[in-house]
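Trainee: Each chain, letter by letter, is given below.
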Amino acid sequence: MRCALMSNGKIRGIKITGDFFMHPEERIVDLEQRLIGVPLRKKEIEKIVTDFFEEVVVVGASAKDFVSLILKTRGRGA
Amino acid sequence: MNRGRLLDMGTNDATMNMAIDEAILRLADVPTLRLYRWCPSAISLGYFQSLEDEVDQGACEKMGIDVVRRISGGGAVFHGAEGEITYSVVVAEGFLEVTEDVPASYERLCGGVINALQLLGMDARFQGINDVVVGDKKISGSAQTRRYGKILQHGTVLLDVDIERMFRVLRISEEKLSDKEIKKAEERVTSIRKEVGVVSSQRVAHALARGFEEALGIELIPGSLEEEERALARTIRGKYGSDEWNGMR
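For the record, the sequence lines run as chains A and B. Note that our numbering numbers the first sequence so that position 46 is 881, with each residue one more than the last. Note that our numbering numbers the second sequence so that position 49 is 66, with each residue one more than the last.
Be aware that a few hints might be false.
Far from chain B by the CB rule (all over 10 Å, computed), these chain A residues [stated by the list, open to error]:
1) L875
2) E881
3) A898
In silico EDC-like links for lysine to aspartate or glutamate, alpha-carbon gap of 20 Å or less [unchecked claim]:
4) A/K882 <-> A/E867
5) B/K256 <-> A/E861
6) A/K850 <-> A/E879
7) B/K211 <-> B/E99
8) A/K850 <-> B/E69
9) A/K850 <-> A/D865
10) A/K845 <-> A/D865
11) B/K211 <-> B/E181
12) B/K256 <-> A/E860
13) A/K850 <-> A/E867
14) A/K907 <-> B/D70
15) A/K850 <-> B/E261
16) A/K878 <-> A/E889
17) B/K211 <-> B/D179
18) A/K850 <-> B/D70
19) B/K201 <-> B/D179
20) A/K877 <-> A/E867
21) B/K155 <-> A/D854
22) A/K907 <-> A/D854
23) A/K850 <-> B/D260
In short, the hints are calculated from the structure, not lab data. For glycine and all other residues, C-beta sits at the position ideal for the given N, C-alpha and C.
Using the sequences plus the hints, can you model the full thing?
Mentor: Listed below in structure tokens is the structure:
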């Protein structure tokens with residue numbers, strides 16, 4: 836899994852890619868949109884990702900995987 | 018016994034192959050098994066994968082290999098024109114008792130491939146989430162999508178494997194290779210040819226049809242695409258050839 840991120844402390848743009856499965860697939864865009872404007876902090880990211888995972892079925896990656904991927908991705912700055 | 022439809026061994030380019038799978042998913046009102054091949058050879062990319070990260074597009078262009086994004090998740094697959102058979106199976110969501118449980122539904126549907134390989138003399142077994150292995154080597158991988166009240170699972174069964182060619186067009190990350198604990202790709206993948214020698218694609222197709230009949234508990238009647246499905250496939254084919262779709266992620 837990979838994450839492309841633009842941030843200035845808050846997420847300005849994000850794209851999560853990889854070989855996981857999500858049903859329905861197009862909902863990935865909803866997750867990415869919900870993350871925009873959110874501070875790059877564990878608590879905030881975790882809340883959004885965990886809530887989102889309640890709404891979709893993801894196979895091959897966990898909410899935890901998504902959260903740690905986002906947090907470990909260095910943003911490209913403002 | 019319930020009946021389903023068998024669509025046997027068409028060969029199309031990548032855009033048409035993916036358009037036909039989607040048309041069947043949208044319109045089929047009976048369980049349908051489609052067996053097909055790709056010409057020219059192609060890479061199919063999982064829905065969530067990055068085109069740029071996964072594929073060496075320059076190499077593909079030089080080698081005349083198409084690239085297409087699937088409507089299903091999962092990983093990138095190299096579909097050699099000679100080296101594999103692709104299957105797609107479409108069933109109503111209610112058809113499998115295990116529908117809600119995605120990993121269990123993979124196991125159930127991969128049963129068709131496992132039965133087929135066993136018929137051909139291989140000791141094949143399921144390896145979660147979505148692979149079939151012989152010994153500890155992968156011979157088949159599959160991907161599912163669920164839409165329109167139905168499940169589509171499509172996957173590849175390797176007849177022969179050209180790892181070198183595959184590696185020239187797919188960007189295999191060092192990370193991924195080390196994840197797989199240093200084992201070389203050649204040692205992780207096998208093919209029907211490697212296991213039991215050359216088997217004709219027709220014989221493999223026949224085994225797949227029998228294997229899915231057994232796995233699904235249905236009789237598969239040879240048929241063809243309905244005119245509506247054909248027309249829809251022609252309409253949506255453009256999407257699969259577009260940069261907008263293929264470069265979406």
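Trainee: None of the hints should be skipped; say for each whether it holds.
Mentor: To see whether the hints hold, each was checked on the structure:
Listed as a non-interface residue, A/L875 keeps its Cβ farther than 10 Å from every Cβ of chain B; the least gap is roughly 21 Å. The claim that A/E881 lies off the interface holds: its Cβ sits roughly 21 Å from the closest Cβ of chain B, which is beyond the 10 Å cut-off. With a cut of 10 Å on Cβ distances, A/A898 stays outside the contact zone with chain B, its closest approach being about 15 Å. The suggested pairing of A/K882 with A/E867 holds, with an alpha-carbon distance near 14 Å, which does not exceed 20 Å.
For the proposed pair B/K256 and A/E861, the alpha carbon gap of about 15 Å is at most 20 Å, so the pair holds. Restraint check for A/K850 and A/E879: the C-alpha separation of about 18 Å stays at or below 20 Å, so the hint holds. Annotation: proposed proximity of B/K211 to B/E99 holds, straight-line Cα distance about 15 Å (limit 20 Å). Of the supplied pair hints, the one linking A/K850 and B/E69 holds, its CA atoms being roughly 13 Å apart against a limit of 20 Å.
Proximity of A/K850 to A/D865 is assessed by CA-CA distance (about 11 Å); at most 20 Å being required, the pair is judged to hold. Distance hint between A/K845 and A/D865 is fulfilled; the C-alpha atoms sit about 17 Å from each other, no more than 20 Å. The straight-line distance between the Cα atoms of B/K211 and B/E181 is roughly 16 Å, inside the 20 Å bound, and the hint therefore holds. A threshold of 20 Å between alpha carbons decides the hint, and for B/K256 with A/E860 the separation of about 16 Å falls inside it, so the pair holds.
Distance check on the hinted pair: A/K850 and A/E867 sit about 7 Å apart at the alpha-carbon level, within 20 Å; holds. Restraint check for A/K907 and B/D70: the C-alpha separation of about 18 Å stays at or below 20 Å, so the hint holds. A distance of roughly 16 Å separates the Cα atoms of A/K850 and B/E261; the hinted pair therefore holds under the 20 Å criterion. Distance restraint check for A/K878 and A/E889: the Cα-Cα separation of roughly 17 Å lies within the 20 Å cut-off, and the hinted pair is therefore satisfied.
For the suggested pair B/K211 and B/D179, the alpha carbons sit about 12 Å apart, so the restraint of at most 20 Å is met. At roughly 13 Å between alpha-carbon atoms, A/K850 and B/D70 fall within 20 Å of each other, so this suggested pair holds. The suggested pairing of B/K201 with B/D179 holds, with an alpha-carbon distance near 14 Å, which does not exceed 20 Å. For the proposed pair A/K877 and A/E867, the alpha carbon gap of about 16 Å is at most 20 Å, so the pair holds.
For the suggested pair B/K155 and A/D854, the alpha carbons sit about 16 Å apart, so the restraint of at most 20 Å is met. For the suggested pair A/K907 and A/D854, the alpha carbons sit about 19 Å apart, so the restraint of at most 20 Å is met. Simply put, A/K850 and B/D260 have alpha-carbon atoms about 17 Å apart, close enough for the 20 Å limit, and the pair holds.
The structure meets every hint from the earlier list without exception.
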